[in-house]
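The lines below spell out each chain.
4 protein chains.
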Amino acid sequence: MKILPKLERKLRRLRKKVTRTSLVRKLDLVHESARKKAFQESCETYKNQIKTEYELRNKVPKLSKSNKEAFISDGSFHQAVGRVLLVAEFFAMMPVKGVTGKHPSNLSFSWRNIRTCFCVVFIASSVVNFGLSLFKVLNNPISFNSIKPIIFRGSVLLVLIVALKLARQWPQLMMFWHTVEKDLPQYKTQLGKWKMGHTISMVMLVGMMLSFAEHILSMISAINYASFCNRTADPIQNYFLRTNDEIFFVASYSTPLALWGKFQNVYSTFIWNYMDMFVMIVSIGLASKFRQLNDDLRNFKGLNMSPTYWSERRIQYRNICILCDKMDDAISLITMVSFSNNLYFICVQLLRSLNTMPSVAHAVYFYFSLIFLIGRTLAVSLYSASVHDESRLTLRYLRCVPKESWCPEVKRFTEEVISDQVALSGMKFFHLTRKLVLSVAGTIVTYELVLIQFHEDNDLWDCDQSYYS
Amino acid sequence: MKILPKLERKLRRLRKKVTRTSLVRKLDLVHESARKKAFQESCETYKNQIKTEYELRNKVPKLSKSNKEAFISDGSFHQAVGRVLLVAEFFAMMPVKGVTGKHPSNLSFSWRNIRTCFCVVFIASSVVNFGLSLFKVLNNPISFNSIKPIIFRGSVLLVLIVALKLARQWPQLMMFWHTVEKDLPQYKTQLGKWKMGHTISMVMLVGMMLSFAEHILSMISAINYASFCNRTADPIQNYFLRTNDEIFFVASYSTPLALWGKFQNVYSTFIWNYMDMFVMIVSIGLASKFRQLNDDLRNFKGLNMSPTYWSERRIQYRNICILCDKMDDAISLITMVSFSNNLYFICVQLLRSLNTMPSVAHAVYFYFSLIFLIGRTLAVSLYSASVHDESRLTLRYLRCVPKESWCPEVKRFTEEVISDQVALSGMKFFHLTRKLVLSVAGTIVTYELVLIQFHEDNDLWDCDQSYYS
Amino acid sequence: MKILPKLERKLRRLRKKVTRTSLVRKLDLVHESARKKAFQESCETYKNQIKTEYELRNKVPKLSKSNKEAFISDGSFHQAVGRVLLVAEFFAMMPVKGVTGKHPSNLSFSWRNIRTCFCVVFIASSVVNFGLSLFKVLNNPISFNSIKPIIFRGSVLLVLIVALKLARQWPQLMMFWHTVEKDLPQYKTQLGKWKMGHTISMVMLVGMMLSFAEHILSMISAINYASFCNRTADPIQNYFLRTNDEIFFVASYSTPLALWGKFQNVYSTFIWNYMDMFVMIVSIGLASKFRQLNDDLRNFKGLNMSPTYWSERRIQYRNICILCDKMDDAISLITMVSFSNNLYFICVQLLRSLNTMPSVAHAVYFYFSLIFLIGRTLAVSLYSASVHDESRLTLRYLRCVPKESWCPEVKRFTEEVISDQVALSGMKFFHLTRKLVLSVAGTIVTYELVLIQFHEDNDLWDCDQSYYS
Amino acid sequence: MKILPKLERKLRRLRKKVTRTSLVRKLDLVHESARKKAFQESCETYKNQIKTEYELRNKVPKLSKSNKEAFISDGSFHQAVGRVLLVAEFFAMMPVKGVTGKHPSNLSFSWRNIRTCFCVVFIASSVVNFGLSLFKVLNNPISFNSIKPIIFRGSVLLVLIVALKLARQWPQLMMFWHTVEKDLPQYKTQLGKWKMGHTISMVMLVGMMLSFAEHILSMISAINYASFCNRTADPIQNYFLRTNDEIFFVASYSTPLALWGKFQNVYSTFIWNYMDMFVMIVSIGLASKFRQLNDDLRNFKGLNMSPTYWSERRIQYRNICILCDKMDDAISLITMVSFSNNLYFICVQLLRSLNTMPSVAHAVYFYFSLIFLIGRTLAVSLYSASVHDESRLTLRYLRCVPKESWCPEVKRFTEEVISDQVALSGMKFFHLTRKLVLSVAGTIVTYELVLIQFHEDNDLWDCDQSYYS
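Chains as they are written, first to last, in our numbering: chain A, 242 to 710; chain B, 242 to 710; chain C, 242 to 710; chain D, 242 to 710.
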């Protein structure tokens, strides 16, 4: 289950090996032997050595030109998340101006901006769509299964509104993030800077592609189904009548309405996937900041460092904690919606898995979608738990501080790391740690066992029954 | 879910902006720049500056006469809670004399007081009513649903007795509260003092109005129902026969009995709502005391303060903790009854929501009542969790103490904040924190899923069936 | 629920008021005013004053001769528990010699002692009885309900064996207890010394009487039942055939066998009740030792005490913790059996409460037994949780140590109190705290809700069905 | 439940008594009295005494030649685990060279080694077998019960792959373990060194024998069953047709296939048992390292030791923690598979226990297998929890450090022990502590209660039904 973050790490290591010049390798050897010597030597002599080493290192990046993208990146979260937000803007979320700009000070939010208007219009359109769904559901017998469209559209609507609110805070948040980042110990190599951005891009890319694949499969299975239950002669009309039954429950068929419905569906599906990915991306960003600090601590692990060093690191750690807190306040509603949504949908889909699948297209779509859902939930859980894990990792280096340099500052730092619970949360009702994964899994199994008792095999070929893409 | 406390905070900020004179704003700027300078300057110079600032500030309140009520308030819990207790006294609870007095030393409890007598008489009357309910329930088959009247009247009775006991302790409690309050760092503006009282009034007002609305709706639906199931020709008699079936199960109809039953019903409903509101109000009071301390700490955040300053704050924090403990001892039985009641009633009502509603009046009443119940439970949970949240917030300011002024007193303060669990509790069996909300929600879902299996659709138009307003 | 320990406290206070001579009252006043002065005065002057006070106090006990028993008691656990163990010995448990002796050094265990022989013989007899029960149960269809006799006799057997093992350790345990007790700050009044022993006696007395009452009721209901289902002409034979059906399942009726069965039943019932009471009594003993320490700390709360004072208290606290640990190791299997037994029996009895009672005698017996069971479980839980509660209370006094006398020893003491989990446990699988009560209650409700689904109304007048007293 | 580790301890003590020469006993007395004196004496004098004692002790082992094996052992984990790994290698797991070598530096892993090839071939063979099982299961209706073969073969396959990966890390792990071990305070007697190895051997031996007995019983019951449902005339063929139904579901009967199936079955069964034993053995190793440290601390309990002593112990403790962490990273997937497997199989077997057993052979096999399963699960849980328990035990000795030698190093050591959670884990999703046992038991009971509702009595004499050995 730790596979996702592990795979990345391996990729990174592979690349590291390839990129590292022989000069760096030699430096590492020097560093390594120095580390061993340090236990006998006094602290002062070693410091001078480190300074020289630093100066040498600062010359290194100019040599490693293997990767163009790596060269451009300055390792900031603002830059890494730029393209992700651009995609979101295209899908009517997060209407902030200047997301691809070099500096977070270029970010701005305005109600009169074209993106904001698009976003507001789409929210209005979603409200109408949600209303239609609600109307249809309330006019049919309600069950655990039948409220799926309301849960789906309702949470999409909620996320849209939260995202709009978040967009207004985004410029300030990014400025704060920038301040914290600037203050952190910098990576000496381009590779270090490039890592976070790369992970974020990969997560976004893989997530989008899988989500796209799922949508295509859903369309195929819907077309398959619609052609079987011929309501009209027109196959396209049949398809739209099926997939937007909440619209044609109140209105008669018309092409503009059908297109609007399709548009709504595509956008909703994207936003529904995007909220999970957004939580993942913010988690990757926060975890990577803790890792940046930990990497620095690892470099000086077991050495006699001055109290000033520890004081600086403590304040940097504190800053990341505050950053974590601010981000959590800003996105915790999204996190909450994302988790409860996944919990509900996994329960529903697992329950549906007891049905006999009417066709191969259905079966392929259904199992792909179920595995994608579980995988996505697991990925969100593990990535967001990694913030907590990384924040606790600092303790490992603090435990190795030698007796001689154990000072009040290290003590204070240690106590702060021990007593603080640094983690993303769902409205502070639950904290995202690895233990949560187990309790969520346990909850799903328990609910599932109880729900199975109410399950009756629905005949999916029953054409009167509502079908939801 | 954090909406309730958030809304308030927003309102407060809005008002702050309006009220603040330009003089205050300038002072803020001075303060802000001073804060930045302080990192370079020595502690002593800055202290003098703060003194001058203090003197200036003390002149300010005389200028802000925008709000009359704000001017009167001295920010004490005794004053803020006065009218709330007056209402309670009208409903035969908490018979303490002098609740609207200026000073808590005027409070007194006496067994010979008219309020106490009224209270005792009402308790006796409630015992009789409870006995009648018990008799009726035991003479019918018992189910999860049918014991509702006993749970309702039993818990009202329990709360009445606890409130009487609490009334005897109230004068001492308020005196202790007064001592703690006097010692706390005072708000410099009338607005700061006015906040807590205002929040308490608003909670009381909204709670009372919703409770009143619910009762009206319940009456309409009962009248509707009674007129359908004509037992006698008199519609009023029908109504009373329905809503007080536990009385007319043993006695034949008579107007005085009917009026007594109605009186009992109205009072019980109020007390049932009041217990939740009382827990909320005490929580608001305690949380606001922690906030008062935190506001002072925020003003000096990151500055070099003397050990005496921290020692004072630590003792003040300790005092609020002791206050919290005393209040918890006094009201924890009410808290316990309130929580278990809400848990039970939500389960019952959710189960009833599966019934088909016989009329629009019923449906409106039922859903209004269900939403009110859930909302009230959430409000109690969140307001009471805010005591814990505010008490932990102190840590945030202690984390920012600069290295230079890190002294044993700050260390001790920090350790005490970390290791103490400051929260209201239900008889110490559970502590009221935000995590509790999730576990309560989980419990409700689990029980509901199991209970659904025993559910049979009750025909509410079945006139023989007991109907409970 | 906190009522049990509270009632005692009240009684104690009442007695205190009555017993206290006017001299003591004056001393209290002196002490009180001195406490307030101490914040201004230097530590040394006050110490002298305390010394004088001590000398005065040491003269006091000679004056209060109001209670003869109080005069005799030396406040040791060995003395307090003596009569309790004597009763146990009569019922073939804990065969230790010298339990009523003045000093724990008189305690001894020997395999050749008459008590030990009786105990071993009874264990052998119980094994046979258990075997018969097992044989009968395995020859009938097994259900959650039908295994009750095995659970009952099996746990009684287990407790008997553990008690025999405990008896061998008892002399050493009591010696260690004596060492810890001698070292603790002594109560100055006979009343203080008398309290623990009195509580233990009362718990034993009330427990025994209720258990006796339950057994009488069980006999009445069994006689009632046996006379209805006449198997033979002899009513006494009928009764024995019913209550010892596991014996007469394999053997034909004979008076000696019937008497042996009756004897087994009476003894088993006592032992089954005794294990709960034993856990309670040990808990009372341990909690009272913590209280003794806390009472001393309260006397000097907020005063400037020397580091030596704190060092002594810390070591005393440590000693009680070690004592707690040793006792827990010795009795944790009994605790575990007691808790799981109560959990199982409450589930079974609650389930049986759904049956319609065949006669008034049955109903009275059944509800008395159910309430006794729940009350006893609650009492065990709360008394054993009080050990944990008292051990945490020490923190309250440590929080009030003034700044001036805050020294490394106080710090160490505080940290030890915070980080240690002092509580009785069930084989370390769970710790007995107040939170456990809630989770046990939750578990019972959940299991009950699920078990109800398998419930079929058993006709208790069905004479073929096994009936278990 | 604590019986398993307790039994060992007793055995050890018994042996100790026998082996100990009178010289050692006298030394103990000297040591004991010295310990008491130490509170009055100065630290320096005592140290000299201890030195002399040390020198005396170092002469002791030469005298105790009672046990040959004890003489050989050097107390290293590498040596203790050698034969265990040899057995594993025979069953195609952990293909490391040099496991029985004297020094861990002789360990090596190579892809070209014969063991590795055998292992890879067996994995390939298992994949085929797993595929066949999967094919058979998917071609029948799926239920909680019917997926047992997939779960079984799937987890065996997973463990095989993890073990291969672990084999590659093993040389480095053992080298690290060796470094940590060398640095620890050494046992002065051969007996101390011999303990861990002996425990590991006994666990392995008992585990293997029980597993072998279970397999024999399973064969007998399968032969019994096969002879009843005669498919063909050949009884051996019948047996193989039964036990390898997943093979003969796709292929017709042939002797090589049957032998391959049998081979697969025997090996899978062994590996399935081995994974639990492996977790136990690693736990015993880690716990014994903590015990080694604790034994040293106990020797100097309550004495005035120098800060250097504490600093050394702290670093040793830290090293074992790091070792624990590394081992956990390496085997946590095996732990996870082992626990979830046991959880699933206990649920399935308990559910099957409701079936009526068709023959005595079946009943004996079934109950033996169920008890073995529960016992094994309990043993894994308790042995792995002992790592956590031993790591917390250190605290006990730190609490007894006298006031005079309380120094920053002891403080730091104490804080580290308190705040670190040292325990094996299942992928960090859960930590293996004693509390886990209770929650696992609770989960099993809950699931069981729910699952019973779906249970239908399967007729095991139904010859068409799949039977799984």
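Check before you lean on any hint, since a few could be wrong.
Identical copies carry no separate label here, and so any pair may be met within one copy or between two of them.
Said to hold, decoys possible - In silico lysine to any residue, SDA-like type, Cα no more than 20 Å apart, as pairs:
| # | residue 1 | residue 2 |
| --- | --- | --- |
| 1 | K644 | I563 |
| 2 | K503 | H456 |
| 3 | K669 | R637 |
| 4 | K377 | K389 |
| 5 | K567 | L636 |
| 6 | K377 | R539 |
| 7 | K652 | S552 |
| 8 | K429 | P382 |
| 9 | K669 | Y550 |
| 10 | K676 | S573 |
| 11 | K567 | F417 |
| 12 | K377 | L595 |
| 13 | K567 | R637 |
| 14 | K644 | S660 |
| 15 | K652 | Q662 |
| 16 | K429 | H419 |
Hints were generated in silico from the structure; no laboratory data involved.
Going through the hints against the structure:
For the homomeric pair K644 and I563, the shortest alpha-carbon distance between copies (18 Å) is at most 20 Å, but the shortest distance inside one copy (30 Å) is not. Proximity of K503 and H456 under a CA criterion of 20 Å is satisfied intra-copy only: 12 Å inside one chain copy versus 46 Å between copies. In this homomeric assembly, K669 and R637 come within 20 Å of each other (Cα to Cα) only across copies, at 16 Å, whereas the closest approach inside a single copy is 27 Å. Within a single copy, K377 and K389 get their C-alpha atoms as close as 12 Å, which meets the 20 Å cut-off; across copies the closest is 34 Å, which misses it.
Taking identical chains as interchangeable, the C-alpha atoms of K567 and L636 lie at most 20 Å apart only when they sit on different chains, with a minimum of 16 Å there against 23 Å within one chain. Taking the shortest alpha-carbon separations for K377 and R539, neither the intra-copy value of 59 Å nor the inter-copy value of 52 Å comes in at or below 20 Å. Proximity of K652 to S552 under the C-alpha cut-off of 20 Å is found in both arrangements, the shortest distances being 10 Å within a copy and 16 Å between copies. For the homomeric pair K429 and P382, neither the shortest alpha-carbon distance inside one copy (63 Å) nor that between copies (59 Å) is at most 20 Å.
In this assembly of identical chains, K669 and Y550 lie within 20 Å of each other by CA distance neither inside one copy nor across copies; the values are 33 Å within and 31 Å between. In this homomeric assembly, K676 and S573 come within 20 Å of each other (Cα to Cα) both inside a single copy, at 18 Å, and across copies, at 15 Å. Taking CA atoms no more than 20 Å apart as the test, K567 paired with F417 passes inside one copy only; the shortest distance there is 9 Å, against 37 Å between copies. With identical chains, the CA atoms of K377 and L595 are at most 20 Å apart between copies only, with a shortest distance of 18 Å across copies and 26 Å within one.
For the identical chains of this complex, K567 and R637 are inter-copy neighbours only, at 13 Å across copies versus 26 Å inside a copy, given an alpha-carbon limit of 20 Å. For the identical chains of this complex, K644 and S660 are inter-copy neighbours only, at 19 Å across copies versus 22 Å inside a copy, given an alpha-carbon limit of 20 Å. Taking the shortest Cα distances, K652 and Q662 sit within 20 Å of each other both inside one copy (18 Å) and across copies (19 Å). In the homo-oligomer, the alpha carbons of K429 and H419 lie at most 20 Å apart inside one protomer (18 Å), although the nearest pairing across protomers, at 35 Å, exceeds that limit.
Of the numbered hints given earlier, the model fails hints 6, 8, 9; all others are met.
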